[in-house]
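K.L.:
Keeping their order, the protein sequence lines are chains Y and F.
Residues 0 to 160 (numbering that gives the first Met the number 0) are what the first sequence spells out, left to right.
Residues 0 to 228 (numbering that gives the first Met the number 0) are what the second sequence spells out, left to right.
Quick caveat, the hints were computed from the structure, so don't treat them as lab data.
Nothing here was measured: the structure is a model prediction, and the numbers come from that model.
Glycine included, every Cβ here is placed at the ideal spot set by N, Cα and C.
Pairwise CB distance ranges (calculated):
#1 F:T30 with Y:T145: 33 to 39 Å
#2 Y:E65 with F:E171: 47 to 53 Å
#3 Y:E59 with F:G14: 46 to 52 Å
#4 Y:T145 with F:G14: 36 to 42 Å
#5 F:G142 with Y:V133: 22 to 28 Å
#6 F:N80 with Y:T149: 18 to 24 Å
#7 F:D183 with Y:R62: 51 to 57 Å
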Amino acid sequence: MSINSLSSRIVASATSLICPVTSLPLLIFPLLMAILLFSTGLFSVGVVKAEDNEKVGTIEYSRAGEAIRLGEIDVGDNYSVSDKNGRFHVIHADKLLLDCSHCHGAESYKPDYLNVSKYKALTPKHRGRIEKTVCLGCHQSGGMGTPWYTGSTLEEDDADE
Amino acid sequence: MTQFGRVIDLDRCTGCQACAAACSVENSCSTETPWQVVQKYEVGKYPNVRENFVPMGCMHCEDAPCEKVCHEIDVHAITTNEYGVVIFDYDKCIGCGYCEPVCPYGVPQFQNKRETLYPDKDPTPYEAIPVENQHPLHRKKSGIAQKCTSCWHKIEKAIADDKIERVGIDPEYTPSCDLVCPVDARVFGDLDDANSKVSKWIGEKKAGQMKKEYGTSPRVFYVSSGGDY
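Construct the complete structure from the given sequences, taking the supplied hints into account.
P.N.:
The following block contains the structure:
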């Protein structure tokens with residue numbers, strides 16, 4: 000027996016107790032209640048799914064990072080930060096799919112840099128300064144990335160909450 | 000154990016750039032890769048505005064992320080010596096550039112071509128010294144990482160002369176940037192000695208570290224009445 004039919008029966012029996020005399024409410028009221036219950040159920044499922052997606056995203060980042068560290072994902076052996084085909088950009092842009100503007104968000108960009116296509120290469124002159132706080136987000140102690148920094152803002156975030 | 004560190008009093012700094020100039024001459028830096036810079040920014044609202052100055056070089060962090068990342072990729076070109084000075088080995092460095100983005104203070108520098116401090120003029124007396132006679136830390140290479148060494152060549156001399164207690168006092172054993180400050184805004188010395196001037200300044204002037212959230216524990220402290228960083 001499905002949940003909807005069960006809820007309809009419960010609602011029907013309840014309505015028959017409330018409205019034992021008239022026959023019209025006996026037909027319409029359970030139907031309305033069933034729709035209400037069904038839509039509420041859908042809504043609650045939607046909320047849970049949104050939270051799950053966020054968690055799944057974080058877990059996936061962590062798993063991908065761990066797999067890279069263990070060598071399960073091939074990111075090459077070109078240790079060059081400036082080379083777009085080097086490990087640094089392969090890990091962050093190709094494997095973890097971070098947008099260029101994630102790190103290269105400085106005033107030296109063109110005013111419309113946020114509208115630039117995700118896959119359009121940025122020229123060196125628009126590269127801009129790298130905002131170091133972006134690195135701290137993942138590479139802090141307890142973060143998803145390799146912990147280059149022993150400091151952590153996670154406890155502060157928890158305290159704020 | 001001696002751990003060298005520095006305190007810079009931002010309330011006294013006038014932004015004259017003498018520290019940056021002295022460093023560039025002492026360490027043969029080109030204009031595109033200075034080891035010491037003076038950042039400036041404006042505060043206030045017109046007409047009550049003023050400029051603040053923050054001299055910045057290597058922080059010689061206790062928990063240096065540049066050193067961590069260098070060891071992680073198995074290059075081992077960056078090490079912290081027993082005196083708390085972070086040193087780059089130009090012969091081991093492969094020029095990958097990983098130390099540059101990982102440093103919260105933007106310290107490591109790369110120069111693509113070897114330039115002199117004054118490109119249109121004769122080399123400075125320090126630059127004129129033949130490479131084989133230069134200190135190893137001054138034998139920079141193009142495409143290889145370089146940064147402030149706290150004038151390690153001077154500290155090394157103090158150790159050799161058995162006068163380590165004179166570092167930060169005698170000109171020949173003191174980093175040039177600290178030596179030339181005309182307003183006594185900088186002091187260099189042993190952080191582990193409670194009676195040293197650096198320790199006293201940290202305690203009395205309530206000096207703090209920059210970007211503490213990174214947890215790198217820099218050995219350069221700043222005094223600022225504007226508050227903590």
